[in-house]
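Following the hints, position chain B against chain A.
Given next are the chains, with one letter for each unit.
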Amino acid sequence: MSSGPVRPERPSYAPPSSEEQAVIIRTVDLQKSYGMGEATTYALRGVDATILRGEFIAVMGPSGSGKSTFFNMIGALDSPSRGRILIDEVDVAQLSAVELAFLRCQKIGYIFQSYNLIRYMTALENVTVPMAFAGVPPEEARQRGMGLLELVGLEDRWSHRPIEMSGGQQQRVAIARSLCNQPRILLADEPTANLDLKTGQDILDILRRINQERGVTIVCSTHDHRLLDVCDRIMWIRDGRVERVERREDLEIAVGTIGGEA
Amino acid sequence: MKPIVAQDQVRLGPGRCLQLALSGMAFRMFRSSVTISILALAVAFLVQMVTFGILSRETQLSAYGELSEQRRWGETVNRLTTADLRAIVLEELHRGSRQRLREYQRWSGLADAEFAAARRTAQSLNEHADYLQSLPPGAHAVLVGDLTSSELFDRLQQAAAFEAFSAQVANLSVRLPAGSTEDFGRLVQTDRPQLLETVDRIFEGHEQAIARLREIYPQRAPLQLAAAPPPDFAAALRQAGFELQDAALPDLGRCATRALDLERINRLVLNANVRAALAREADIPVSDVSFAAVVGYVDSVSRAEWLATTLRSVDPTLALNGPRVLELLEWSERERQLLDVVGEEAPAEHAGLFGMSARNQWLLLLSFLVCVVGVANAMLMSVTERFTEIATMKCLGAMDRFVMLMFVFEAVIQGAAGGAVGALLGVVLAVIRGLVEYGTLLGGAGTAIGEALVGVGLSVLVGMLLAAVAAVGPAWLAARLAPMEAMRVD
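Note that the protein sequences, when read in sequence, are chains A and B. If you count by the numbering used here, then the first sequence holds residues 7 to 268, one letter each, in order. If you count by the numbering used here, then the second sequence holds residues 63 to 552, one letter each, in order.
Bound-form chain A, shown alone:
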């Protein structure tokens, strides 16, 4: 286990120029395979991706394309078979378990498709858990937690348990939780998948606000075309490789609404 800060690495190719937006996540020839010999499955077959600081990027692709594997990689939840992941030019593979825990706690926020709230805790307690892991004193954690719940519009439900809340409310609590240690990166795994249209829209609004007001990089995986509308870039993944990366300006997306929705 290494002690002290890890020295940032110089990438082997051209360093970012001052005109470009800084890169916050970079993957180099990322490969992941499961199994051995003839039964090997290749989830990722060499992904070279860059994610820029402060952008809102959507990752799309059919099921089985390696999207979730890619997400696990850049979220420091899994390790690749080959290749490297550099978060702020720091090779994730070189980090010890403790450093990884720090990364997950304070630098990256996670939003899951199934909310993943802790069932026996109230909303406020759920939001303050990561702050406890970060060593924030309980009183300050509570205050920050309430502030975050206000941000997502749930300050009057702070004492409710997940079982007493709707899906949208739970997702909002999850978003508040993911923000509590002021992360640089938010990883959202199909945040609107289990929600109805109206609630999904609320969630998207919150995410966009976070991205614009706080400069948090958001990486979203989604099938929802309304999300494409709010993002900056879209990365298409197919068969374990990046098929193409498009900018929002270059796309024509028309999103309609259904009238009479509550």
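Hints listed in this document are in silico derivations from the structure and should not be mistaken for laboratory results. Just so you know, these numbers come straight off a predicted model, no measurement behind them. Here a beta-carbon is modelled for each residue, glycine too, at the ideal position from N, C-alpha and C. Treat the hints with caution; some may be incorrect.
Said to hold, decoys possible - Computed far set for chain B versus chain A, every beta-carbon distance over 10 Å:
id, residue
1, F89
2, I494
3, R495
To be verified - Some chain B residues near chain A, calculated using beta-carbon distances under 8 Å:
id, residue
4, T143
5, F449
6, T454
7, K456
Chain B in isolation, oriented as in the chain A frame:
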């Protein structure tokens, strides 16, 4: 914007971990109580076996003790009429009481030194007999065959047989307790015949003592003498050649009287008139009337009075009243129950772990293994149910050790709760089982309480350890593997 610099994560203390574990358990009360029940049953089983083993042993020991007293006095009276068999003399020379040995020395006419030598010979022979009989089967077949120890020693007195024997001993590399075969030869061929002569003299001396006693008290049987000892009875005994302390006379008298009275009752119950009366009174067929039936029927003072009157009508000399008859019958019944409890042999003082036989120890081990599997299963289920929760915790910054500690805490608390409940249950079950099996004879000295507490404490500890160990494995694995599971992007 500052770049990300990884630094060490804050480590949370166990107190916080415990807090989380407790709140988690409170929420999952039903699930926790299932696990606690499994643990409680496991611990209850262990505790029941241990406690019952102790209870059983203590009951048997105290029953044996009670019977021993009676047997001892019975034996004393018997010896006033019948001389000890030679085999018994040998046994007693080897490890008899001081009183018995004093008698033997008197009858043998040997001085202290010679008598001590005879005792040593007896002990040595006994040691060899034990050793030879416990040889491994191959050596045993060659050296001993199917002879008893005394038959073997008889054979070995002949030179030729002994030569062959020592040759075999050398062949098989058997080490005799005596050391060398020469020493053993001396023991068998010189010392043993002397010893047997001594035994003969003791036997004759005993018979002479009995004869002398009969001369002193020509018309009375020793049992009656013991029951109603004449003055100077103890002195007379000593004169005849027996050793009996004055202080022992009252106890002897009590036991002898009891034996005599019971004998009379037994005899009178066989009388036809008595049987008819009993059959009428107890409303049973005459053929069913026996001593056992009488014991069963006479359960109160009034019935005992009736029986006493009936018996006296046949034998007016019977000087027993109701209460005494009742006492005798109750004692007889108790003796029978004690014999049931004790069985044929004397219970060993410290029979195995917590008073359990080898078979029961084996059973305990097996059941323990089953419990381990059961608890491990419960813990595994508990962990896998919460896989997503663990993954989430790790995403929020928990470290492997923290997650594992949370589960271990939960397991230990459940183990303690289950252990406490189980211990209580186990003790109750053991007592119930003891009452069923031994009835009112159940009991033992309070000295066993300490051992029982140790046994119960150990079992509870085992329960807690079991739970903790069973939880660690799955929890550790889950903590290491989980994070990926949280992200299930379609």
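Right, here's what the structure says about each hint:
no. : hint : verdict
1   : F89  : 3 Å, violated
2   : I494 : 39 Å, holds
3   : R495 : 41 Å, holds
4   : T143 : 84 Å, violated
5   : F449 : 11 Å, violated
6   : T454 : 4 Å, holds
7   : K456 : 7 Å, holds
Violation of the numbered hints given earlier is confined to hints 1, 4, 5; the remaining hints are satisfied by the structure.
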